[in-house]
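Chemist: Given the coordinates of chain A, work out where chain B should sit on it, guided by the hints.
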Amino acid sequence: MLHTMDDTTTADPPVTPVASLRGLRVSMARNGVRSTVIKGVDLDIRRGEILGLVGESGSGKSVLSLALLGLLPRASAPVVSGTLTVSGVDMAAGPEEERRLARGRDLGVVFQDPMTSLNPTMRIGDQVAEAAGSGAEAVRLMRAVGVPQPERRMRAYPHELSGGLRQRVMIAMAIAGGPKLVVADEPTTALDVTVQAQVLRVLRGLTDDLGCSVLMITHDLGVAGQITDRVAVMYAGRIAEVGPTAQVLERPRHPYTLGLLASRLGLTTERGAPLRTLADDAAPDAAPAEGDTGCAYRTRCPLAMPRCADELPPLGEAATAAPTAFPHRSACLLADEARQRLLGDAPAAEAAPEPVTEDVKGERAERAQPIVSTTELRCDFTVRDRRGRKATLAALRGVTLDVAAGESIALVGESGSGKSTLLRVIAGLETSFTGAVERPGRRLTQMVFQDAGASLTPWLTVRELLTERLTGLRLDRRARRGRAAEALRSVGLPEEALDARPAELSGGQRQRVALARATIVPPAVLLCDEPTSALDVSLAASVLNLINTLRRDLGMTVIFVTHDLSVARIVGDRIAVMYLGRLVETGAADEVIADPKHPYTRALISAVPGLGVTLPDIVGEPPSPIDPPGGCAYHPRCAVAREECATTLTGIQLVPIGPRPPRGSGEQRRGVACVHRGELR
Amino acid sequence: MTPRFLAARAASLLGLLLVLSLVLFVLQEISHTDAVAATLGANASPEAIAAERARLGLDDPAIDRYLDYLGGLVTGDLGTSFRTKHAVTEDIGTYFPATLELVLFSFASALALAVVFALTSVLRRRGAGVFRGLLFLASTAPTFLLGIFSLVVFYLQLGWLPGSGRLSGAHEADGPTGLLVVDGLLTGDPALSVDALEHLLLPGIALAVGPALAIGRVFRSSLLGTLDAEYVRTARSKGLTERRIVLRHVVRNSLNAALSMSGLQIGFMFAGVLVVESVFSWPGLGSYLGASIPVSDFPAVAGVTLVLGAIYIVANTAADVLQGMADPRVAR
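Each protein sequence line maps, in turn, to chains A and B.
1 is the number of the first residue of the first sequence in the UniProt record's numbering; add one for each residue after it.
1 is the number of the first residue of the second sequence in the UniProt record's numbering; add one for each residue after it.
Since the hints were derived computationally from the structure, they do not count as laboratory data.
Backbone N, C-alpha and C fix where the C-beta goes; we use that ideal spot for every residue, glycine too.
Do not rely on the hints blindly, as some may be mistaken.
[Said to hold, decoys possible] Going by beta-carbon spacing under 7 Å, a handful of chain A positions derived as facing chain B: (1) R103; (2) T116; (3) S117; (4) A131; (5) Y157; (6) L161.
In isolation and in its complexed conformation, chain A is listed as follows:
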């Protein structure tokens, strides 16, 4: 790695970086097996910059952040070599006392889940004051990060705050004492989309107002594109590419970055065609073994050459690049050729299924009849509110929805919108509701959940999980085995996987097994509850492709719940946006995205992160479905609300707008629940 170090020393600006990593290697033991998680990383974090660290799960980005903090879990017996200095303190090998003081003085940290990252039995004020030194300073910090009425919140416990407020409290603790570097590990991943935008604004403000640097770890290139100055892309413990954000995301030079960007969903991703994915998604075990000397990405790289197996590509600049303070480096032997070759050729994707929407449109005429239909569906739960009193949670507050046979509809909403409850009612899993629901019999509906790991019985083999659904079909052993193998093939898994148990499979493979299980007896309706939200981008893309293919091959109706509009746009012919138990807008996916009619849909769309997308100024968080606001539930956050919105009943029913679709086309008219009836500026 010597040449890389030379590169760095000549090209870096003279200012001392806040953090400096040279030849950093970290190995950790898991279940008695030691593996190298960070395999030689050189990186500087400069004063006042936001550096994005992007990568898929297992790339080592979180381990890197814990190493920076000197907080690698003791249980996994970490071994660190190379140098790692944060504002002059050796965080790799320095005395523990020095590292501890550095954490308090120079470092701040924001973790992913603010609920589990705050002490549940300690008042917010005490927790912030512990970092800030005094109660008064704690109040000041909480006000600085936008916690309303901080004096009052001081006495609250974490469970009494909303997710967005909790994360602001975390940030307040992170900036206590004026740190030089704040490490933010996926700080918005657990938050709602509209809240994510707000928290990103706070983080962006840290560097602008306090001049501290931020290391922003994220799996989402869009988030990185939105707030970072520079981006480092990690793959298998090494940096694949690093440079100014705009350059890396607009003119990527590493095949991996190119692949990641291609598989990322945005609001402009082409619909109807299969999504691009990285090769070998389902089999990450194909990655090179410990001690391999070549490029780790070669097993998935469409441009891999024999040389790639022997030579570790240095992190280098393009030969033509002018010397700059912010070099754009890529660890690929092909250097800039990679980009040309990849974008010149047709990109390597999965065996391409034909476009989906065209086929389906032809059948529209036959499916005017709804297969699932709900009328004035209401669903209340009795729960305990944040203060422990009995309260009624109104999960659904009058949902009327028709889903035509063969149609695919995406239910979009944030937490508390009732989207999952609606799905559970349709699945027959939730029975305490009023109103009417018509659906095909239980055997004809199948459900796929977010966490495939938890929804597959751990002690059963894949074969048992699949054939379980064939009982009652009077098939003999061989026929059952055949059906199981066929179902696995249809989801892109080899027959050998039949004898595996869920724990032996990767997350993507488990989600495929869940899909195979749901479709081994083709259901009339496939219900999906965020099946891709826990997966890496490329895996998510391939699961979405799979759902679209299965839908086309089996002629299924799909009802897909998601919080992500770009996912909704890909899977749904139609999108239904939900807010606090009601539908606020429905319509063809393209139209809803291109021309949203409800202010809430507009806010949702503006909150979808992406490179060059300015952070929107969104007000408030989704309120609790316990005691939701009266009238139109969105009015407290709505920029165009009128006085009557607080009380009116006219704004809460979907009203048809726009042109009536031709008779017999099977298409449904757009609907919006707003006093403005879609007549927005």
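Modeler: Chain B alone, transformed into the frame defined by chain A:
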């Protein structure tokens, strides 16, 4: 902690006490102890027996008798002992302080041992392993064996500590509380306290070892689990010292299971104390009960059972309330 949480705990406490009284009443009904024969003797005339039955209300319907019984309990009337001819309440008043003092001392020792065991083990202090081993070894023996063993070693062989009773002959026990250590302090007689403590040591520790290990283990595993929690990582990222992290963030979040276990154990200790009392000739409820059972002195047995049961229930309620104080999410 909300008033409604406290109200719910109080209601469940009363409910359990009611159930306990009902169980005792039913036991009394089906136990065929003959209160009349016990008072009048075997040779009483049928008329005298009938008169006595009427006087005692034994021919009334069961529900009336239960209500009478319950009324008696509320006013502190537990009946008259067949054996001592004293009111059971009075007898219990005589013997209970000795048992209470022993159990309180023993429970405090158990808590101290448990905390030392858990904290030294979690903070990886030296000697934690040895301490754990000793505690484990001691707790494998049944309490009576441990008691006899410690009597033989520390009293008979080494002669370090007294082996029976609550006091040496030199002292008189007539303080206000009946808890001799406390009385010694209250009446300005420290020698009395010291003497009482010396007598408490052997039976107290013998009784404490088992519960100490049970509570300590639960506490230790909660502590270890809590140390892995993400908010502990957050606390570390603030640059706090390990000591402060454990005391401020870890201990309180680990108390829950240990408190439940303590509530259970203090109940068990009141049962275990009966055995220890007989080994160390301790003049407490155990000795009283031991004398009452062979002569079928039902009022005495029922009275002691009621007191011990009530203590068990109150201890567990106290553990619940403490849990609510430690974790605001419980007390909702």
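Chemist: Given a cut of 7 Å on the nearest C-beta pair, is the interface hint for A:R103 held or broken against chain B?
Modeler: 4 Å, holds
Chemist: With chain B as the partner, please determine if A:A131 meets the hint condition of a C-beta pair closer than 7 Å.
Modeler: OK, holds: A:A131 within 7 Å of chain B, min 4 Å.
Chemist: Answer holds if the nearest beta-carbon of chain B is closer than 7 Å to that of A:Y157; otherwise answer violated.
Modeler: At 5 Å from the nearest chain B Cβ, A:Y157 passes the 7 Å test, so the hint holds.
Chemist: Closer than 7 Å between Cβ atoms is the bar; does A:T116 clear it against chain B? Give me holds or violated.
Modeler: 4 Å, holds
Chemist: So, A:S117 near chain B? Judge it on the closest CB pair being under 7 Å.
Modeler: With a closest approach of 5 Å, the A:S117 hint holds.
Chemist: Taking 7 Å as the limit, does the beta-carbon of A:L161 come near enough to a beta-carbon in chain B?
Modeler: 13 Å, violated
Of the numbered hints given earlier, the model fails hint 6 alone.
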